[in-house]
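Novice: What follows is the residue order along each chain.
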Amino acid sequence: MSDILRAATAWELQLMLAPYIEKKTPIEVVGSGSKARIGRPTQTAATISTASMHGIWMYEPTELVMSAHGGTPLVQIEAALAGNNQMLAFEPTDIGPTSGGARGTQTIGSVFACNVSGSRRIAIGAARDHLLGIEGVNGRGELFRAGGRVMKNVTGYDLCRGVAGSWGTLAILTEVTFKVLPAPEKTATLVYPDLPDDIGVELMCAAMRLPYEVCGTVHLPKNVAGRLEHSALADLGQAVTALRIENFEKSVDYRTQAMREALKVYGDPLVIGSMNSLEFWGELRRLSVMPYDEATCLWRISTAPMMGPKVVASIRRHMPAEVMYDWSGGLVWIEVPASADAGSSDVRRAVAVHGGHATLIRADASVRGSVEVFQPQSPLAERLTGGLKSVFDPMRMLNPGRMYANL
Amino acid sequence: MSLAMPLPDKVTLSRSAEIIADLKRIAGEVAVIADKDGRRTFETDGLTAYRAMPLAVVLPDTTELVAEVLRYCHREKIKVVARGAGTSLCGGALPLEDAVVIGVSRMSKVLEIDYDNRFARVESGITNLAISKAVAEEGFFYAPDPSSQLACTLAGNLAMNSGGAHCLKYGVTTNNVLGAKVVLMDGEILELGGPHLDAEGYDLLGLMIGSEGQFGIITEATVRILRAAEGARPMLLGFASSEAAGACVSAIIATGIIPVAIEFMDRPAIEVCESFAKAGYPMDAEALLIVEVEGSEEEINDRLAQISCIAAAYNPTTTQISSGATQSAKIWKGRKSAFGAIGRISDYYCMDGTIPLSRLPEVLRGIGEICAAHKLRVANIFHAGDGNLHPLILYDANDEASAERAELAGAEILSLCVEVGGCLTGEHGVGIEKRDLMTKQFSEAELMLQMNIKTVFDPDWLLNPGKVFPLHLTRDARSSSAA
Chain L
215 MSDILRAATA WELQLMLAPY IEKKTPIEVV GSGSKARIGR PTQTAATIST ASMHGIWMYE
275 PTELVMSAHG GTPLVQIEAA LAGNNQMLAF EPTDIGPTSG GARGTQTIGS VFACNVSGSR
335 RIAIGAARDH LLGIEGVNGR GELFRAGGRV MKNVTGYDLC RGVAGSWGTL AILTEVTFKV
395 LPAPEKTATL VYPDLPDDIG VELMCAAMRL PYEVCGTVHL PKNVAGRLEH SALADLGQAV
455 TALRIENFEK SVDYRTQAMR EALKVYGDPL VIGSMNSLEF WGELRRLSVM PYDEATCLWR
515 ISTAPMMGPK VVASIRRHMP AEVMYDWSGG LVWIEVPASA DAGSSDVRRA VAVHGGHATL
575 IRADASVRGS VEVFQPQSPL AERLTGGLKS VFDPMRMLNP GRMYANL
Chain H
1381 MSLAMPLPDK VTLSRSAEII ADLKRIAGEV AVIADKDGRR TFETDGLTAY RAMPLAVVLP
1441 DTTELVAEVL RYCHREKIKV VARGAGTSLC GGALPLEDAV VIGVSRMSKV LEIDYDNRFA
1501 RVESGITNLA ISKAVAEEGF FYAPDPSSQL ACTLAGNLAM NSGGAHCLKY GVTTNNVLGA
1561 KVVLMDGEIL ELGGPHLDAE GYDLLGLMIG SEGQFGIITE ATVRILRAAE GARPMLLGFA
1621 SSEAAGACVS AIIATGIIPV AIEFMDRPAI EVCESFAKAG YPMDAEALLI VEVEGSEEEI
1681 NDRLAQISCI AAAYNPTTTQ ISSGATQSAK IWKGRKSAFG AIGRISDYYC MDGTIPLSRL
1741 PEVLRGIGEI CAAHKLRVAN IFHAGDGNLH PLILYDANDE ASAERAELAG AEILSLCVEV
1801 GGCLTGEHGV GIEKRDLMTK QFSEAELMLQ MNIKTVFDPD WLLNPGKVFP LHLTRDARSS
1861 SAA
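Those protein sequences? They're chains L and H, same order as listed. Residue numbering for the first sequence follows my numbering, starting at 215 and increasing by one per position. Residue numbering for the second sequence follows my numbering, starting at 1381 and increasing by one per position.
Just chain L, same shape as in the assembly (with noise of 0.2 Å):
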């Protein structure tokens, strides 16, 4: 096991840094760990931990925006949201546990680190979309900044979306700086039982052809929505297809209605209100019907929503496969059995004909080491990607080799 060292501020964190600079030794990046598991194993001398470099330093609610060290846990962030109302509206998932990870741990630095977006994101975009400015460390331990704490910025390059998504790999995040928003007065849920797979999508990419703001569209199919923690879902004993639906109290209503009847051909929903949705959303947010187990492989596949049926359907013609549509069908994760590829091949085969990328998110580190786990880039997309590397990290210091084998 490596060393892990704890930066308390971003002045220590480059002290820290510096004799690996020196000697050209690589380093692993976390917050606070929980997404360790995800992605290509590194091979590093040391571990470097944002998790000291904690708090929210900046939070004005009438600018809907807030400022927080990179490591400060998420539920801290949400718990200070939630005070006033407001929230991430683009509700990260806790994608750590099922890769084996600790559940809600991850910090808000990783977050942005890794983009993680929950369902929200097909009304409301994605992580990084809600990130508004950055200061962090390079591979060079130069300490930058980038972005700002307005929410319209268009001066110089937009280096805030460079870095998110980056898995740590361009810089050490220290400091964030992101958009917050109202949290709803009221949410109600229309699930409409035992729908197959495609239909449920189709009525999910019909609910969001309506014009009452749904904001969160998810498929279960049987297996998986028997294995909700939600009972009262659980206990249907069938698919369950959900659309969520936010506002102020009466307009809710008023959409509710609205919806059934302008997709009464799907049948009649079951409707759920605020208390059971937030329950139920919650639970999607944690990832629990995907849970850690040894025996099979998770994939998450970014697809146009339509295909994420003909892309499972492809899987399925070489693999037992259990699944979650959400985006409308547009975010497929698809939990595989364990094998020496993880299924890569026709994974990768499947996508490559309907469109999309996939990301192998839990596997073990050795099926990890030899397979990619990110989605294959082309030549000169690779080429572009590898002069950005060098640009904040000549040297390969930061989690080297996690995203790519020689990124």
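I should point out that these hints are in silico values taken from the structure, not numbers from a laboratory. Be aware that one or more of the hints could be misleading.
Below, a list of computed lysine-lysine pairs in the DSBU-like style, where the Cα atoms sit at most 35 Å apart [stated by the list, open to error]:
1) L:K524 / H:K1489
2) H:K1513 / L:K400
3) H:K1513 / L:K478
4) L:K464 / H:K1513
5) L:K524 / H:K1549
6) L:K464 / H:K1710
7) H:K1457 / H:K1513
8) H:K1820 / H:K1390
9) L:K524 / L:K464
10) H:K1489 / H:K1513
11) H:K1513 / H:K1710
12) H:K1658 / H:K1513
13) H:K1549 / L:K478
14) L:K524 / H:K1513
15) L:K464 / L:K478
16) H:K1820 / L:K400
17) H:K1390 / L:K464
18) H:K1513 / H:K1549
19) L:K464 / H:K1713
Anything over 10 Å on all C-beta distances counts as not near chain L; from chain H, calculated [claimed, not checked]:
20) E1448
21) R1451
22) S1708
23) S1795
All C-beta atoms in this analysis are idealised placements derived from N, C-alpha and C, irrespective of residue type, glycine included.
For chain L, the structure is supplied; the task is to place chain H on it using the hints.
Specialist: This is chain H only, laid out in the frame that chain L set:
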């Protein structure tokens, strides 16, 4: 005006006849504009104080042709300035005398519309509004709505990461684009993203958007289209002071309401816009808010009533809800034609700083003092919900001293925006206009980091040179990358 552009390369200029002949051979006679009158159309953009005749203009009609022209320019080390409709307010599309302008205006087709998957794939020369028009029959729209949307192209929107009045709810360009086809300077074609969300690897698309035409030329894009709300209606709130209007905006947001737009105008802006658009703006108010909400008829009534209630605490001089579609259109016409309306009475210099909303009163006071000190008048119009200011500094373009004072006042205003925690530009871009102010917001090391990224996409710095970064720094960046 005071901003210098890089000196033209004499060798390139001396070869212009040969270069034009080559371009005609590659792109065909009709796609190349080489005569003086033809080129004059392209000598400036929305920042009309600056002009330069380009060496030649090429208007390709396919991505492949863009690639061929770029490959040629890359080989011959000829600078290239990409151009959409030329509506940039910051000189982003200003040509250089030794550069070839590549315009995308002939590439304006809608290639694919997919309502189920909620995207449209279009050529980048399409105008912003034409995308919304193409999907209107199904009740859809493309959300970013810069005031120039009738004329500006998606290509320009992508290059500058354009915003608009309705960004408060729907986000800016980068939040509404899923994929793009980009031609790099060496002629290679890069495909990014697609109908799916959040493409793999680093967010090259996110870096491309807002790179001001310095990374590549986007010829095609997959944009997100959204189902429009059942209806939308604005209301007008007049106040006795800008402070009261600003406090009202904060109070609305604090209640948990995010209107689709909150626009602010001060008295000089109200007067000009009202005389132009007859929108029914209150002439006795010192500050005016246009607040728009969306939903069903009943939802709109509820929301507007709630906002009226909140506003009442700030003693509005006017509270007027739009009576229907005709009045709503007039209200927006007044706002969207504000720049044009002011342009009819005076030359103006349009600023675009963004500030934290809580600093609004002091910044408005500061803007007033700066302009008064330079003996200039100013009208303030801005997107209040997100703190994006557009002070319009009025000056006389025929009076060089007045133009110089306007530029100085503008720089001071933007410095003030940065000092209070804001930024130089919220949606127009840096271009040449704010190039030399970049050091106010970023350290030299941070600018060097950005410039090194530019070098990854365009190692020879041939794309849209002389913009975004102070010239002395770009020389440093180029020599360090060559070393």
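Novice: Could you run down the list of hints and mark each one as holding or not?
Specialist: Evaluation of the provided hints:
no.: 1; hint: L:K524 / H:K1489; in the structure: holds (29 Å)
no.: 2; hint: H:K1513 / L:K400; in the structure: holds (34 Å)
no.: 3; hint: H:K1513 / L:K478; in the structure: holds (30 Å)
no.: 4; hint: L:K464 / H:K1513; in the structure: holds (32 Å)
no.: 5; hint: L:K524 / H:K1549; in the structure: holds (33 Å)
no.: 6; hint: L:K464 / H:K1710; in the structure: holds (30 Å)
no.: 7; hint: H:K1457 / H:K1513; in the structure: violated (40 Å)
no.: 8; hint: H:K1820 / H:K1390; in the structure: holds (33 Å)
no.: 9; hint: L:K524 / L:K464; in the structure: violated (38 Å)
no.: 10; hint: H:K1489 / H:K1513; in the structure: holds (13 Å)
no.: 11; hint: H:K1513 / H:K1710; in the structure: holds (20 Å)
no.: 12; hint: H:K1658 / H:K1513; in the structure: holds (26 Å)
no.: 13; hint: H:K1549 / L:K478; in the structure: holds (30 Å)
no.: 14; hint: L:K524 / H:K1513; in the structure: holds (31 Å)
no.: 15; hint: L:K464 / L:K478; in the structure: holds (21 Å)
no.: 16; hint: H:K1820 / L:K400; in the structure: violated (44 Å)
no.: 17; hint: H:K1390 / L:K464; in the structure: violated (70 Å)
no.: 18; hint: H:K1513 / H:K1549; in the structure: holds (20 Å)
no.: 19; hint: L:K464 / H:K1713; in the structure: holds (31 Å)
no.: 20; hint: E1448; in the structure: holds (17 Å)
no.: 21; hint: R1451; in the structure: holds (14 Å)
no.: 22; hint: S1708; in the structure: holds (17 Å)
no.: 23; hint: S1795; in the structure: holds (13 Å)
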